[in-house]
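Visitor: Letter by letter, the chains look like this.
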Amino acid sequence: MSKVTRRELGRLAGGGLAAGAAAGLFPTGVIGQARPRVVVIGGGPGGGTAAKYIAMESDGAIDVTLVEPQRQYTTCFYSNLYLGGLWPFEGLVHDYETMAARHGVRVVHDLATGVDHDARTVRLWGGDELSYDRLVVAPGIDFRWDAIEGYGAEAAAVMPHSYKAGPQTRLLKSQLEAMEDGGTFLLSAPPMPYRCPPGPYERICMIAWYFKSHKPNSKILVLDSKGSFSKQALFTEAWNTYYPGMIEWIPAELGGAVEAVDLDEMVVVADGERHRVDVANIIPPQRAGRIAEVAGLTDETGWCPVVPETFASPLVDDTFVLGDATIATEMPKSAFSANSQAKVVAMTVRHELTGSRAFPPRFRNTCWSSVADGDAVKIGANYRPTEERLEAFEGFISETGESGQLRRETREEADAWYAGITEDIFA
Amino acid sequence: MGSVVKGRAIGREPGPGRQARRRAYHASIQMNFCTHSLEMWLALAASPIIIRGRFGVSRGRGEVHVRRWVAMGVALAAWPAVAGDIEYGAYLASDCTSCHRPGGERGIPPIAGLPQGAIAEAMRQYREGERRNPTMQSVARSLGPEEIEALAAYFASLEDGRIDSGSTTHAGDGGKP
Chain B
46 MSKVTRRELG RLAGGGLAAG AAAGLFPTGV IGQARPRVVV IGGGPGGGTA
96 AKYIAMESDG AIDVTLVEPQ RQYTTCFYSN LYLGGLWPFE GLVHDYETMA
146 ARHGVRVVHD LATGVDHDAR TVRLWGGDEL SYDRLVVAPG IDFRWDAIEG
196 YGAEAAAVMP HSYKAGPQTR LLKSQLEAME DGGTFLLSAP PMPYRCPPGP
246 YERICMIAWY FKSHKPNSKI LVLDSKGSFS KQALFTEAWN TYYPGMIEWI
296 PAELGGAVEA VDLDEMVVVA DGERHRVDVA NIIPPQRAGR IAEVAGLTDE
346 TGWCPVVPET FASPLVDDTF VLGDATIATE MPKSAFSANS QAKVVAMTVR
396 HELTGSRAFP PRFRNTCWSS VADGDAVKIG ANYRPTEERL EAFEGFISET
446 GESGQLRRET REEADAWYAG ITEDIFA
Chain D
14 MGSVVKGRAI GREPGPGRQA RRRAYHASIQ MNFCTHSLEM WLALAASPII
64 IRGRFGVSRG RGEVHVRRWV AMGVALAAWP AVAGDIEYGA YLASDCTSCH
114 RPGGERGIPP IAGLPQGAIA EAMRQYREGE RRNPTMQSVA RSLGPEEIEA
164 LAAYFASLED GRIDSGSTTH AGDGGKP
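Just so you know, the sequences run in chain order B and D.
Just so we're aligned: the first sequence equals residues 46 to 472 in my numbering.
Just so we're aligned: the second sequence equals residues 14 to 190 in my numbering.
Excised from the complex, chain B in its bound form:
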C-alpha cells in the first residue's frame, strides 16, 4: 500500500500549481512572485491554526508570519476547570516554538497597530512593517469598557473579568481562595453575543465545586443580562443536583442586568438594586479585538462581518477574519469554531496563492462543559454556509438524566479534546 505524507501532498499540489498556471486557472495574479506572503494577526485558536495550516499544507510555498504579542498563550477554554481545582494552570499554557520549528511559521512577538490596505502592509508597535498578499485577522474579543458604569479596564484588578485567560484567571482564583467560608461570590454574565456562550455557567459550576469542598457555606449570585442561556437545562440540573441551595440565578427581566459597580464598597448595581459581595467576577459586554476596528473590519455592531463560505471580509480585499471577532451566526464563538474556520481559511488562502485544490467549506463546533468533577456535558453541530449566515445541521446536545458512566466518559472525551485541539493549534 503506498503511503503519502502531508509533505508529498504538498509537492503534488506544487505540481498542480505549474499545470494550473499554464492553464491560467488562478483567480489572482501572484504566480511568478518568489513566495507569496501571508500575515496572521493573533495567535489564539483561530490565528494559530490558520498560521500552522497554511505553512504546513503549503510545505514552504507560502511565507507565513504570525503576529502575537504574548510569548505564551493561556487558553480560556479549560480555565474554568482551573478555577474549580480540576486542572493545573500550567496545563493551560502553550507556546509557539513547535509551530515555528516544525512548520516554518515566523512568529513575531509584537502588537499589530494598523493595516494599510492599499500598500498591503501591517504596522507593528515595535516600528516594523510586514507586507502581505493575504491577511488573516484573528484578534479575539475586547471588552466594552464603557458599558458598565465604574467598570473600566483598571476595575478588572479589583473585580476580575477572567475572560481572557492568564493573570486575570489567577487573580480570580486567588480571590476565591482568600474569601471566607460563608461569603458571597457574584458573577455577572454578559449579553449576547459573547465568547463561549456556556462559559459563565460552566464557571459557576466549577466555582461551586470548589466551594462545596472548601467553603460549603458560601453563596453564588448570578446576575444575567439575558433571560436564558446555553445548555440551560443541563446546567440547572447540575446546580440542583450537586449544589442545592448554593446558587441564585437572576435573569435580566428580574433585575439581572448589571448597570454599575462600586469598587470601594464591593457593590454591584443591577436594576437599581445594590448587591454587596465578597468576590465579583464581571464579564462585560464584548466586541471584536481592537485591531479589527482599526483595520476597518468591523461594522456598527463592533463585530466583523464575513462571507460565510470563506470568512473573507466583505469590507476589505484580500483579508480574512476568524474566530470570536466575527459575526458567524449561527456558529457560536468558541475555540472549536475558530479552529474549524481557520482550516477553511487556510485552504482558501492556499488556493488563491498557490492554486492548490479548493474544496467545499466545512464548519463544525463541539463544546464540552464540566458541571462537576467527573461529570461533563456537550453540545455540537455542523454548519453550512448560506448567502447570509452559517446554518446549523445535524446538531446534538447531552440529555438531562444521563448515567454517571456516560458523563464520566464525556469528561474523558473533553480532556482528550483539549489535548487534541491544543496540539492541532500549536504543534
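The set of hints was computed from the structure by calculation and includes no laboratory data.
A couple of the hints might just be wrong.
Unchecked claim - Simulated restraints, written as ranges between beta carbons of each label pair:
{"no.": "1", "chain 1": "D", "residue 1": "116", "chain 2": "B", "residue 2": "273", "range": "18 to 26 Å"}
{"no.": "2", "chain 1": "D", "residue 1": "119", "chain 2": "B", "residue 2": "438", "range": "24 to 32 Å"}
{"no.": "3", "chain 1": "B", "residue 1": "363", "chain 2": "D", "residue 2": "116", "range": "33 to 41 Å"}
Where is the CB? At the ideal position from N, CA and C, for every residue including glycine.
For chain B, the structure is supplied; the task is to place chain D on it using the hints.
Guide: Coordinates of chain D only, in the frame set by chain B:
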C-alpha cells in the same frame, strides 16, 4: 444566538471588485472539480466497471448544487488504497484532528493508520446510529459516501500513529473503538 446582528456589512456594501472575486472563486472551485474529475477519468480509464459518485456544494439561498460524476474503478476491492481521493481526504481530515491525535489517550481514540475499511465501516455505523457517540454521529451524517471514502483512504495512508484501536473508546460507544 438570537441577538446576533445578522447578515453582512450594513451601510457598506461590498464593491463590484469583491463581487467579481467571489464569482471568480466559485468558478474556480467548479473548474477545479471538473479538471480533477478528468484526471481521475484518465487514470482509471482501464477500470472494468465504473460506479458513480456525487458531490454537492451548497452555495447561497438557492442551494445551487454543483454535481460531479466521479469515476471510481472496482480496483477498490483489489487495491483498497487506490480508491478514495487522498488529497480531498487530507483536507477533510483536518476536521478530525481537532480531537483525534496520534498516540491518543483515554476519551478519544487515535485513528491515523487504521485500515481503510475499518474507518469507512465505523463511519457507516455512526451514520446509521449503530454506534452511539453523538459527536461522531453528527460528523458522520455531514459526510457523503465519497467523503467517507476519501477520509478513510487518507487515514489509511498515514504511516505514523498506528495504535491498538481497542485501547480507547468514544464516550457512549459501549467499548467500540
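Visitor: Can you name, in rising order, the numbers of the hints this structure does not satisfy?
Guide: Failing hint: just 1.
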